[in-house]
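Undergrad: One letter stands for each residue in the lines below.
Protein chains: 2
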Amino acid sequence: MKLSPDIRDSATLKFSELAKEKNRRKEKIISLGIGEPMFDTPPEIVEATYDAMKKGYTKYSDPLGLVELRELIKDKLLKDNGIDVSIDNIVVTPGAKQALSLALMALLEPNDEVINITPCYVSYIPQIKIAEPSAVIHNIDLDKHDHSLDRGKIKKAFNKKTKAIIINSPHNPTGKMLERDEIGFLARLVKGTGCYVVSDEIYEKLNFSGMRHYSIGAVKEIKDKAITINGFSKAFSMTGWRIGYLAAPKELIKAISRLQQHLNTNTCTFIQKGACSAFSLNEDYPKAYNSALKERESLLVEMVKSNSALRLVRPAGGLFAFLDISGASHGSDRFSARLLDRKNVAVIPGVSFGENWDDHVRISLVAQTDEFREGMRRIDEFVRSEDGP
Amino acid sequence: MKLSPDIRDSATLKFSELAKEKNRRKEKIISLGIGEPMFDTPPEIVEATYDAMKKGYTKYSDPLGLVELRELIKDKLLKDNGIDVSIDNIVVTPGAKQALSLALMALLEPNDEVINITPCYVSYIPQIKIAEPSAVIHNIDLDKHDHSLDRGKIKKAFNKKTKAIIINSPHNPTGKMLERDEIGFLARLVKGTGCYVVSDEIYEKLNFSGMRHYSIGAVKEIKDKAITINGFSKAFSMTGWRIGYLAAPKELIKAISRLQQHLNTNTCTFIQKGACSAFSLNEDYPKAYNSALKERESLLVEMVKSNSALRLVRPAGGLFAFLDISGASHGSDRFSARLLDRKNVAVIPGVSFGENWDDHVRISLVAQTDEFREGMRRIDEFVRSEDGP
Chain A
812 MKLSPDIRDS
822 ATLKFSELAK
832 EKNRRKEKII
842 SLGIGEPMFD
852 TPPEIVEATY
862 DAMKKGYTKY
872 SDPLGLVELR
882 ELIKDKLLKD
892 NGIDVSIDNI
902 VVTPGAKQAL
912 SLALMALLEP
922 NDEVINITPC
932 YVSYIPQIKI
942 AEPSAVIHNI
952 DLDKHDHSLD
962 RGKIKKAFNK
972 KTKAIIINSP
982 HNPTGKMLER
992 DEIGFLARLV
1002 KGTGCYVVSD
1012 EIYEKLNFSG
1022 MRHYSIGAVK
1032 EIKDKAITIN
1042 GFSKAFSMTG
1052 WRIGYLAAPK
1062 ELIKAISRLQ
1072 QHLNTNTCTF
1082 IQKGACSAFS
1092 LNEDYPKAYN
1102 SALKERESLL
1112 VEMVKSNSAL
1122 RLVRPAGGLF
1132 AFLDISGASH
1142 GSDRFSARLL
1152 DRKNVAVIPG
1162 VSFGENWDDH
1172 VRISLVAQTD
1182 EFREGMRRID
1192 EFVRSEDGP
Chain B
812 MKLSPDIRDS
822 ATLKFSELAK
832 EKNRRKEKII
842 SLGIGEPMFD
852 TPPEIVEATY
862 DAMKKGYTKY
872 SDPLGLVELR
882 ELIKDKLLKD
892 NGIDVSIDNI
902 VVTPGAKQAL
912 SLALMALLEP
922 NDEVINITPC
932 YVSYIPQIKI
942 AEPSAVIHNI
952 DLDKHDHSLD
962 RGKIKKAFNK
972 KTKAIIINSP
982 HNPTGKMLER
992 DEIGFLARLV
1002 KGTGCYVVSD
1012 EIYEKLNFSG
1022 MRHYSIGAVK
1032 EIKDKAITIN
1042 GFSKAFSMTG
1052 WRIGYLAAPK
1062 ELIKAISRLQ
1072 QHLNTNTCTF
1082 IQKGACSAFS
1092 LNEDYPKAYN
1102 SALKERESLL
1112 VEMVKSNSAL
1122 RLVRPAGGLF
1132 AFLDISGASH
1142 GSDRFSARLL
1152 DRKNVAVIPG
1162 VSFGENWDDH
1172 VRISLVAQTD
1182 EFREGMRRID
1192 EFVRSEDGP
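Chains as they are written, first to last, in our numbering: chain A, 812 to 1200; chain B, 812 to 1200.
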């Protein structure tokens, strides 16, 4: 493929590498950068995975995934999300990222158009370009004042060539969760057209606002137009495991299955088996973690309230908040670099998530509360200093 | 991407699914179909992987792979293969298949040409098309009488647009190992040109002829033109684990690293750590398995000698032999389907590996020796029967 030069290194990973480098030089960094939970994978899943290895789940599996796991995912999608699919609609993939990529590869043909809501996860745009270099991407910004969908601009961009709309809720980097009303708007928009909604719901279980999570795949009228992406990484702290899944209409599964066979063969077999045990964990399992996220979010809100140069649309779920630094900064790259240099605090520049978001930085809520509190103190001090942003 | 309709389901997997279906119906199938060793992954690797899970190797890793693992791979490539690279040339991938795919994605631009030696592994051609739909593929058949490279045809197909030549030794499906002379020919061909040699060496350790394994990456004059693909699946019976690697010139690593970040993030972290332990296993480790493969190959040779309708170029390594059925058949699909139906023996039609190889079937050597012997008896009987192929 022709790799356009704007398929850049993933900026989030790059920054976290920089922070790690400072750490290696024994400078203590407060990393508010990377997006993975810091708790351990539940031991039940570790033990089930070990057991699977010993029982010989070390050979190839069905490319779509173990039937047992797909049954559990099917039940989960119905129970948690109201998405009613059969196991033949489900593909287990090496990570939710790979699920999104396979879906886009299966969907996009030359000159298709894609509506992408910005700011967005750093890999969406590169993944679209990898899947189809000629795809036309319409990046539609969230409203800067309340992070609502800009329905007017979405409608305007939507046309007969629109093959996909990518949504993500809870959202990286803003923490926004789509409202019922917004899901309804998108459903009405694509109903009866050739356009699919690709819904990345990887942060579903990380929800510290108590707001209800809506899945567009549950809207019966457009069931054949919804692709749901989810996985185990964020809910169960299994980022390094690389296991995710998608649920898609049958007409797409054949292409996705072929791509999976020729690119991946299958997702690691004993990891699939181990992941089955995640469904037997106590339902209250993510509550304690969400309380901790909430605690940090409150510290952030408190700091922002006391600093007139900063502004925040409060996040509802996920692992991040998107801090508006427009009152303080000369650009998010400069802000982040100087914050790291002067105060040893790592955040991610907003411009990594969309070209119009250079007046924001992403703050991860995963650091331990004491460390996070100190991070807030340093950001506040940094913004107020003469020699600041 | 525009998925051309000839990106078919991987035929090997499909056939093995058919065989499994018969198994479910309690019909005992002798599967000479699929290509994975049947022994268990060495327990040392299983335990090291479990240990890594418990020690928290459950988070993201460097996209290129753990430094510790890349150091071990670097040493292995130098010691076993004479390939002298740094760890910055090495990328650990979710399977050797994915390594090949990332390499092709990084290499190929619109209208580039690829020389592909046929018969070939069923995923090569789809992977080329996924990487670059407009690539022009020149499939050059091995000589049917001795499986040597057809140097005349390769030279004729080679031109300024040739970006890659894909080779595979030990070879799937023929078991051929490239001779020193053939490696030299290819090296001279690409030297000083813009063409790379992508060398899939996944079957390296499965060598029952004692023939020396040559790596083109060891040829100093074209070091900057060689991409070596290898992994753990076949040598250590880790097919279901999905871990492989590539070594490539620096100029390609940046693009491969970006693709890895946006498609995979990284290869499962604890599996990488567990794979490190493979390098401490006894060097004699594959000997017993190679003896068993040799035993089965001898049974095949014996059967072919006694059946005048069959012919065989003896395999030297890998897991397969490619049986010439031209004296017996009306096409390899029909041969394979009828053999499965009449005799409950599963083999893979040669046409899956190249359009000119419909007069061959692939025989896997992995079945237990007694089962393999019975398989040979049934094939012989089938070929001789009135109501046969």
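Treat the hints with care, since some could be wrong.
Any copy, or any two copies together, can satisfy a pair, since identical chains are not distinguished.
In silico DSSO-like cross-links for lysine-lysine, where the CA-CA straight-line distance does not exceed 30 Å [claimed, not checked]:
1. K870 <-> K837
2. K865 <-> K837
3. K887 <-> K1116
4. K1016 <-> K1061
5. K1154 <-> K870
6. K887 <-> K865
7. K870 <-> K885
8. K1098 <-> K866
9. K870 <-> K887
10. K865 <-> K1098
11. K833 <-> K1061
12. K967 <-> K1116
13. K972 <-> K1105
14. K1034 <-> K971
15. K1105 <-> K866
16. K1016 <-> K1154
17. K870 <-> K1098
18. K866 <-> K833
19. K837 <-> K885
20. K1105 <-> K839
21. K971 <-> K955
22. K870 <-> K839
23. K837 <-> K972
24. K1154 <-> K1098
25. K839 <-> K866
Since the hints were derived computationally from the structure, they do not count as laboratory data.
Owing to the predicted nature of the structure, the values given are computational and were not obtained by experimental measurement.
Undergrad: Against each hint, give a clear statement of whether it holds in the structure.
TA: Verification of the supplied hints:
For the identical chains of this complex, K870 and K837 are inter-copy neighbours only, at 21 Å across copies versus 43 Å inside a copy, given an alpha-carbon limit of 30 Å. For the identical chains of this complex, K865 and K837 are inter-copy neighbours only, at 26 Å across copies versus 40 Å inside a copy, given an alpha-carbon limit of 30 Å. Neither within a single protomer nor between protomers do K887 and K1116 lie at most 30 Å apart by alpha-carbon distance, with minima of 39 Å and 57 Å respectively. Taking identical chains as interchangeable, the C-alpha atoms of K1016 and K1061 lie at most 30 Å apart only when both belong to the same chain, with a minimum of 27 Å there against 40 Å between chains.
When the C-alpha separation of K1154 and K870 is checked against a cutoff of 30 Å, the pair qualifies only between copies, where the shortest distance is 26 Å, while the shortest distance within a copy is 49 Å. When the C-alpha separation of K887 and K865 is checked against a cutoff of 30 Å, the pair qualifies both within a copy, at 27 Å, and between copies, at 27 Å. In the homo-oligomer, the alpha carbons of K870 and K885 lie at most 30 Å apart both inside one protomer (24 Å) and across protomers (26 Å), since each shortest distance falls under that limit. In the homo-oligomer, the alpha carbons of K1098 and K866 lie at most 30 Å apart only across protomers (24 Å), although the nearest pairing inside one protomer, at 33 Å, exceeds that limit.
Proximity of K870 to K887 under the C-alpha cut-off of 30 Å is found in both arrangements, the shortest distances being 26 Å within a copy and 24 Å between copies. In this homomeric assembly, K865 and K1098 come within 30 Å of each other (Cα to Cα) only across copies, at 23 Å, whereas the closest approach inside a single copy is 32 Å. In this assembly of identical chains, K833 and K1061 lie within 30 Å of each other by CA distance solely across copies; the values are 25 Å between and 49 Å within a copy. In this assembly of identical chains, K967 and K1116 lie within 30 Å of each other by CA distance neither inside one copy nor across copies; the values are 36 Å within and 73 Å between.
Taking the closest pair of Cα atoms, K972 and K1105 never come within 30 Å of each other, the shortest separation being 41 Å inside a single copy and 57 Å across copies. In this assembly of identical chains, the alpha carbons of K1034 and K971 lie at most 30 Å apart only when taken from the same copy (19 Å versus 49 Å across copies). In this assembly of identical chains, the alpha carbons of K1105 and K866 lie at most 30 Å apart only when taken from different copies (28 Å versus 41 Å within one copy). Taking the shortest alpha-carbon separations for K1016 and K1154, neither the intra-copy value of 32 Å nor the inter-copy value of 52 Å comes in at or below 30 Å.
Taking the shortest Cα distances, K870 and K1098 sit within 30 Å of each other only across copies (21 Å), while inside one copy they are farther apart (36 Å). In this assembly of identical chains, K866 and K833 lie within 30 Å of each other by CA distance solely across copies; the values are 23 Å between and 43 Å within a copy. With identical chains, the CA atoms of K837 and K885 are at most 30 Å apart between copies only, with a shortest distance of 28 Å across copies and 47 Å within one. Proximity of K1105 to K839 under the C-alpha cut-off of 30 Å is restricted to the intra-copy arrangement: shortest distance 25 Å within a copy versus 58 Å between copies.
For a Cα distance limit of 30 Å, the shortest separation of K971 from K955 inside one copy, 28 Å, qualifies, whereas the shortest one across copies, 51 Å, does not. Taking the shortest alpha-carbon separations for K870 and K839, only the inter-copy value of 20 Å comes in at or below 30 Å, while the best intra-copy value is 43 Å. Taking the shortest Cα distances, K837 and K972 never come within 30 Å of each other, neither inside one copy (53 Å) nor across copies (50 Å). For the homomeric pair K1154 and K1098, neither the shortest alpha-carbon distance inside one copy (32 Å) nor that between copies (58 Å) is at most 30 Å.
In this homomeric assembly, K839 and K866 come within 30 Å of each other (Cα to Cα) only across copies, at 22 Å, whereas the closest approach inside a single copy is 43 Å.
Violated hints, in rising order: 3, 12, 13, 16, 23, 24; the structure is consistent with all others.
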